[in-house]
Every structure is written in structure tokens, then in C-alpha cells.
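Colleague: This is what each chain is made of:
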Amino acid sequence: MTLNGLLKRHGGWLEAGPEEGPVISSRVRLARNLRDTTFPGWASKDIRNRVWGEVVLAFDSVPESKSFLRWRMDELSALDRDLLFERHLISRELADRQTGSGVFVDEDECRAVMINEEDHIRLQSLQPGMNLQKAWEVADELDNALEKNLSYAFSSKLGYLTACPSNVGTGLRASVMLHLPGLVLTEEIKPVINAVSKIGMAVRGLWGEGSEASGHMFQISNQITLGKPEAEIVSNLEQIVLEVIEHEKNARLRLMEKQEIRVHDHVGRAYGILANAALMSTGEALDLLSALRMGVDLGLLPNMIRREIDQLFIRIHPAHLQKEAGVVLSPEERDIKRAQLVRKFLENK
Amino acid sequence: MKCDLCDKEAVVHLTQVVNGEMKEVHLCEEHAVEQGIDLNSPISITDILMGLSGPQKSIASELSLACPRCGMAREEFRKTGRLGCPDCYKTFMAELTMAIKAMHHSGQHLGKIPAREGAQTRVKSKIARLQQDLEAAIAREDFEKAATLRDQIKKYRDEVAADEGSSQ
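Protein chains in written order, with the numbering used here: chain B, 1 to 349; chain G, 1 to 168.
No farther apart than 27 Å at their CA atoms in a straight line, the calculated lysine-lysine pairs in the DSSO-like style are these: (1) G:155 <-> B:157; (2) B:45 <-> G:79; (3) G:90 <-> B:148; (4) B:344 <-> B:8; (5) G:2 <-> G:101; (6) G:124 <-> B:157; (7) G:124 <-> G:101; (8) B:198 <-> G:101; (9) G:124 <-> G:155; (10) B:148 <-> G:126; (11) B:157 <-> G:90; (12) B:349 <-> B:337.
Note that these hints are calculated values from the structure, not bench results.
Could you put together the complete structure from these sequences and hints?
Modeller: Below you can see the structure in the form of C-alpha cells.
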């Protein structure tokens, strides 16, 4: 399948999953490096190309490797790289890299292997909803299969050695993508972010920073990667995220109990603008879709399906709009296309 | 909130996005001045954490130090916060040890071990785990358990020593 093939479908991690109201998806990422080999950021083009070759060879021996699509960054246009980034399949950092950098993506987009990002290998496993455990198991399994054919840089004291000391040890970064409009609207998001940060987890906006995050989408992840077994890192994060989910649910309940008319107004206005606007920026679309998504969760929009809105959250981004249109669009043309896309979606509801 | 380096109240709170992750550093006035923090200029957390590893002058005198495998100079590493190759962990061990402790509150890996690693690595890792259990047992005054753990650790240490002796 080609890159354009991705446009006609959505990632498997956007299917229904546990706690799918406040939670979009769970992710586990593992950083690995080849023994005695310069890290990508400091390596020559020759070394980076050699690493690409070695990893491809090792990956070919993984039984399921046939079902993975492969792209080298230097063979893709900037737009194609942005498309992969918008689908959460590669990082911004990989999109900006060239020689020897690339990605293998599983057909359902739940697994991805980035080559020559900050580290030689970054394995990613994405699962729908609150499912960190499964995400870890899938990543672990792929890591085991790949490791059979590669020698990793490892020390008995510091574990897996990574380009940045903040990843050393397990090389594991687990994260959960959350939709928290209840906490934002009740203005409780700041104390929650502060509390979570104090216990060693990082909170950031998926699009934008802190409590100003567009679309009320947040990502919570572990910061500590050394000194704990992987399962413990994953379950610690899980506990904290479950607490945040409880806070979000309570905030929504309180909103509906005390300010129901305001919630109706908030959702209804968002619907009105989305259904009628002729120009719409990405930021505005994210915020309005967030209101719509909450409306679905609260049962205010019975004809709408949450996961369809989640797909729109991705399709309204610039590279997706342009790839679907088949041409490069100016910012204003994108705003027109984006408004059309959303209007068309709502027409059928 | 307390200073990361002493028990005094922290007055300088820095947040920096490193590698896509938010990191925070808290320092008291004294230590902030000592680290030469200029609040008007952008600062890398790695710079600060690296600075924590000891007196500035000893580092300055070794600024010319470079990794024998990949050639990354200490100065370069301090600027970017990224290492050049796996061997850099040995080259820059002195300052890395402190930085890693500050970031992770630990200096010992307790996670997965690659299947290709030898038996020695496994035993060493087992010792590290038992050591942690031992410290926990002592902390809760379970001395019976502590004694058992101590004996187990000794047994494994003897194994490692015997192995190392025979391979020399």
C-alpha cells in the first residue's frame, strides 16, 4: 500500500477501546541503539546508511515484517513526511531528518519502527483507549523479535544506552492521549497538571502547551526510565492516568448537574459554527471538535459517533487536507477546505 | 519546594523541554548563583544538571576531554545534552552519574536485559535487584529477611568473582 492508501482509512488505534470517552489512545515507545555505533545525531551519512541497512536486514527476519510498510525520509516529499507525523506514526524529529532515516509501519498503524531518529531504533506501539498494558506487551514482543538479530548497546548498570541520558535504562516512554474538556471548562486542569508533574510524570498539550492546549487534548507520560522494571513504569503511569480520568468524569458530572444549560450552549454553538463556517483554522477546528466530542460523550448528540470525530481531528490537519485535495494549498485555501470537510461531515448527521 | 542540591527552599524554578519532555529544576539562591544561572538567557537543563556534578573548575580543566571512540568533546556534549555514542557513557561517567541520578532518582537499571547479553550481566543485574530489596528490608527493620538477602548477594558476588578470575 502507498502513502496515499493511508488517507482512505484510519489507524487501528482509533478503534473503540477501554475508557474511550476521556482516552484516545495509549502508547509505549522503546529506544534502542546498536552496540559500538555512533548515535544518529553525531554519525556520518555512511554510518547512518549502514545502520539503516543493518536494521532492515534484522527486521526482514522478523516473521510479521511482511505486513509492514517502509518509507525512507529522503525519498518522501515534505508533505508526505507531514502526513506520517499528523497520523502519529513518526516524530517531528524524524520528519526533519534525511539520510538513513525512515520508518516501518504496520498495516493497521498500531506498530511503527523509526530508524535513525535521535536513537538508532525507536519502536512504537499504539493501542486504542486506555490500554497501556497491551501497548507494552506488543512493543516488548516486537523488541524481542528484532533483538534476535541485533546487538544492542547495553550496560548492566545503566541498561539500554540512549543518545539522551533522559531515556537511559529501559528506554521506555509510555504515554496516554487524553481528552479533558471537563477539567478545562471547570478550570481544574492547572491543579491537575501541577499534581501530576509533581509525582514525576510529564503533562503536555497534544497541540500547544499547558492548559492552553488546543482541542483540550493532553498527553501524560513517564519521565523516569531508569531504576524500575518496565511493568512497574507502565502500571505507575496507568494508576495516575486512571485518577485523572476519574477527575475528568467528576468534572463532567458537575458541569451537567450545575451548568447543564451552559454545556448545551457550548456544544450547540460549536455545532453551529462547524456546520456553517466557510473558513476555519486548524486551532479553531480543534477547539470546536473538542466541544462536539464532549457533546457525544454526554449524550447530547445521539446521531454522532465519537470515533468519527477522532478521525476528523486528524483529517483537518494541513498535510491531510492537501493530500486529500491532491494539490498544495495556500493557508487560506486550507481554511476553506477544512470548513468544507467539517460541513460535509455534519450534513450527513 | 526544596532545592535539588540541599535542603533549603528553592527560589529558582526552571522548566525546559528536553527531548519532547518537560523537565524541572529547583535551586536555592546560593546554588543558583553557584551554577552561574543567568535567568535572562535560555538555558539547557543538561547544562544545569551537568554543572551539578562537581566543582566547576575540575570540569573546566577537562573541557578538552573527548570520547576516544566517536570524538565527541565534552563541550559539545554539554551544549547539546546528547551523547555521541554508547562509549560516551564511560568517557563522561563522572558528570553523567550525577545528572542521571538527578533525572531518574536511581543509577541502576532494573528492567529488561537483551537475550544476547551474557550470564555475567544477568547475575550482576540480579545482585543489583537483591541490593534494592536488602535496602528496603533494612528500612522496614526486617532484619531476618535482610540477613537472607545479604547471604544471597554474597553467593552471587562470589560467582561473579570466580567467573572473572577464571576468564583472566
